[in-house]
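Peer 1: In the order they appear, the protein sequences are chains A and B.
Under my numbering, the very last position in the first sequence is 170; numbers go up by exactly one each time.
Under my numbering, the very last position in the second sequence is 301; numbers go up by exactly one each time.
Heads up, some of the hints might be wrong.
What the hints assert, rightly or not - Chain A regions said to be covered by chain B (calculated; three or more residues, Cβ under 8 Å):
id	stretch
1	53-62
2	68-77
3	149-159
Claimed, not checked - Some chain B residues well away from chain A (every beta-carbon gap over 10 Å; in silico):
id	residue
4	E106
5	G119
6	R134
7	A273
Said to hold, decoys possible - Cβ-Cβ distance ranges computed for the label pairs, FRET-style:
id	chain 1	residue 1	chain 2	residue 2	range
8	B	R156	A	L56	43 to 53 Å
9	A	L56	B	G234	26 to 36 Å
10	B	R156	A	D119	38 to 48 Å
11	A	S147	B	T42	32 to 42 Å
12	B	N231	A	A40	26 to 36 Å
13	A	L56	B	L24	54 to 64 Å
Since the hints were made in silico from the structure, they are not lab data.
Just so it is clear, CB atoms sit at the ideal spot from N, CA and C, and this is done for glycine as well.
One-letter residues, chain by chain:
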Amino acid sequence: MRLAAPLAIAALLTVGIAPALASEAAVEARQAQFKLLAFNLGTVGAMVQGSAPYEAATAQQAAENLAQLASLHQAPMWPAGTDSASMEGTRALPGIWEDADTFAERFEALGTRSAALTEVAGDGLDSLRAGLGPVIQACSACHQDFRAPR
Amino acid sequence: MRRIATALGLVAALAAGILLGLDRPQPMDPERLGDLSGLTGDPARGERVFWASGCASCHAAQGAEDEARLILAGGRRFETDFGTFVAPNISPDATHGIGGWRLEDMARALWTGVSPGGEAYFPAFPYTAYVRMQAQDVADLWAFMETLPPAARRNEAHDLPLALRPRLGLGLWNRLHLRPDWAVTGPLSAEGERGRYLAEALAHCGECHTPRTALGGLDTARWMAGAANPSGTGRIPAITPDRLGWSVEQIAAYLDMGLTPDFDTAGGSMADVVKSLHRTTPDDRRAIALYLMRVPPSE
Numbered sequence: 021m022r023l024a025a026p027l028a029i030a031a032l033l034t035v036g037i038a039p040a041l042a043s044e045a046a047v048e049a050r051q052a053q054f055k056l057l058a059f060n061l062g063t064v065g066a067m068v069q070g071s072a073p074y075e076a077a078t079a080q081q082a083a084e085n086l087a088q089l090a091s092l093h094q095a096p097m098w099p100a101g102t103d104s105a106s107m108e109g110t111r112a113l114p115g116i117w118e119d120a121d122t123f124a125e126r127f128e129a130l131g132t133r134s135a136a137l138t139e140v141a142g143d144g145l146d147s148l149r150a151g152l153g154p155v156i157q158a159c160s161a162c163h164q165d166f167r168a169p170r
Numbered sequence: 003m004r005r006i007a008t009a010l011g012l013v014a015a016l017a018a019g020i021l022l023g024l025d026r027p028q029p030m031d032p033e034r035l036g037d038l039s040g041l042t043g044d045p046a047r048g049e050r051v052f053w054a055s056g057c058a059s060c061h062a063a064q065g066a067e068d069e070a071r072l073i074l075a076g077g078r079r080f081e082t083d084f085g086t087f088v089a090p091n092i093s094p095d096a097t098h099g100i101g102g103w104r105l106e107d108m109a110r111a112l113w114t115g116v117s118p119g120g121e122a123y124f125p126a127f128p129y130t131a132y133v134r135m136q137a138q139d140v141a142d143l144w145a146f147m148e149t150l151p152p153a154a155r156r157n158e159a160h161d162l163p164l165a166l167r168p169r170l171g172l173g174l175w176n177r178l179h180l181r182p183d184w185a186v187t188g189p190l191s192a193e194g195e196r197g198r199y200l201a202e203a204l205a206h207c208g209e210c211h212t213p214r215t216a217l218g219g220l221d222t223a224r225w226m227a228g229a230a231n232p233s234g235t236g237r238i239p240a241i242t243p244d245r246l247g248w249s250v251e252q253i254a255a256y257l258d259m260g261l262t263p264d265f266d267t268a269g270g271s272m273a274d275v276v277k278s279l280h281r282t283t284p285d286d287r288r289a290i291a292l293y294l295m296r297v298p299p300s301e
C-alpha cells in the first residue's frame, strides 16, 4: 500500500509529463538540425554574398554537410501535437501535419537540390551561386507555407 | 412638430445624398489621362516593372515557380480581418481576364482602384501604392502583360461579410487614403529616389510592413514599423534601419536570394516577394536598400 502513492505519481509522470517532455525534445531536435543547416548554408552564403572569399574545399564540405543533414529521416522529429497551435516554442504550422505529403515533398526537394550542390560547389563561385539558389528556394518554399512569422 | 420632422428628414436625406455622392468613384484626373496619350509600351521594360510590382505574388497560383508565375489566372485566397479576398484573373484572356481592356482601363485600375465598369476595387489590391506609378511604366507594364499566356479561369466572388459586399464607403475611404505623395520625404540621392519609387509605388512594401489605422489605412507616421500579418498569424517585422540593422549590401543580397545576414531564409509572403525581386536588376535591389536606410527610425 505504501507503494501506491509513488506508483500513482510515476503513472502521472508517464502519461502526463513524459509526453510534454518528449514533445519538447522533438522540437529541440529538429531546431538543432535547422541550426546545423543554417550554419553550413552560412558558410557558402557568405561566399556568394561577398562577405567571405570563395574557397573550393570549404564550399565543398559545407555542401556535403547540407546534403547529409537534408537526408536525415524527419518523421521522428515531427510527432503529432508539436505544432505552433498546440505548444509554445515552435513556429511549425499545423499545415505540416494536415498536408504531410506536401511537407515531405518540400523536404525531399531540399535533399535533391543540396545533393546537386555537392556536384558544383567546388567548381568556382559562379557554379556555387547557381547551385545555391535552388537550395535557398527550397528552404523558402517550405517556410512560406509551413513556418509562422515571429 | 411635423415641420421640424420634415426638415430633419430633408437634412438627413441631403446628408445621405452628399455621402453617397462623395462615395462615387472619382473620374480620372484628365491631366494624368493626358500623360498616357501617345505613349508606346515597351514589353521588355514592362517586364522589369512587372517583377518590381509583385503582381505574380497575388495573381499567380500559390506555390507557382519560374514561368508558372507568368500565368496570372488568379484564384489565390487571402484570409484577412475583413473577410476572404480571391485574387482575380488578370491574364490576357478576353472572357475571364483583362484581354478586353485598353491601356486607359489599366491606368484607371492602377491609379484610382476602379474597374472599367466603374466598380470600386477593395484596397487588398494595392492601388494606394500604384497611384504613384509613372505613366510610361503603366504603358510598359501593360505592353508586357499583353504578351502573357491567357488563362480561362472564371473569377470567384470574394467571401466577405454582408456589410462589405455592396462596396459602399470605398469612395469615401479613397478620399482619405488614396494619396499620390511620398511617405518618406527626407532628402534622398538620385539612387535613393529610384528606390523610393520602387518601394512605395511599385513593390508596395508598406502594405505589409506598415501598421494600419482603425479604418484600415496605412499609418504613415509609423512607416515600415512592422505590423500584424494582414493575412495570417504572427507579425510582419519592422524594416526601419534602427530595427533591421542590416547593411545596404545585406538588404540587396536578401532581396536577390532570400538569405538573411544570419543565414535564415525568407518565409511567409516574403518568399514570393523575393521570387519577384530576384528577377529585377541588381541596381534596383540596391536602390531599394538605399531607400530603406533613409526611412525614419520607428523606435
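Peer 1: Please flag the earlier hints that this structure goes against, numbers listed from lowest up.
Peer 2: The structure conflicts with hints 7 and 10, although it agrees with all the remaining ones.
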